[in-house]
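Chemist: Sequence:
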Amino acid sequence: MKLIIGGDEAGRPLVETLAAHLRAQGHAVTDDSANQTDPGERYAGLSERVARRVLSGEFDRGILCCGTGLGVSISANKVPGMRAALTHDVYSAQRARLSNNAQIITMGARVIGPELAKSVADAYLAVEFDPASHSKANVDAIDALDARARG
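Quick note: the sequence shown uses the working numbering, first residue 1, plus one each step.
Each hint should be verified, as a subset may be incorrect.
With a Cα cut of at most 27 Å, we get these calculated DSS-like pairs of lysine-lysine [unchecked claim]: (1) K78 to K136; (2) K2 to K136; (3) K78 to K2; (4) K118 to K2.
No lab work stands behind these hints: they were computed from the structure.
Note that this is a predicted model, so its numbers are computed, not measured.
Input sequences plus hints: build the corresponding full structure.
Modeler: Here it is as structure tokens:
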């Protein structure tokens, strides 16, 4: 799978751990973390950049990390068409994709340990959204809300 991951200053250590883990599994991983020439780059810019690259089809899915996972999740969800889910457990990671067709998951490097983060990422990547599932109506409703918000 072609993946993009990124983190701000707080999330970068977890991103590096996840990138190595996912590459070892054979995934093509691009690390698009906060601009190293501008260490003050905010997570909003990082999240927007990663979300747009996933939405464009350049990448299959994405993972974003910051201190709590909250800031990157909120920021990514501001990009029209994006469904990003904060995940710190395996079940939520699976459901993010199965029930909500999330294109990105987010995690907090100050909240989750590296081994659990690997399991969360693996769980998210192991499942696919089924457009014939009962969850499709909910995903369609989310997309309709997004379209109305764009006005």
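Chemist: All hints, please: hold or fail.
Modeler: Here is what the structure says about each hint:
1. K78 to K136: holds, 21 Å
2. K2 to K136: Distance of about 24 Å is within 27 Å: holds.
3. K78 to K2: holds, 23 Å
4. K118 to K2: holds, 17 Å
In summary, this structure violates none of the numbered hints.
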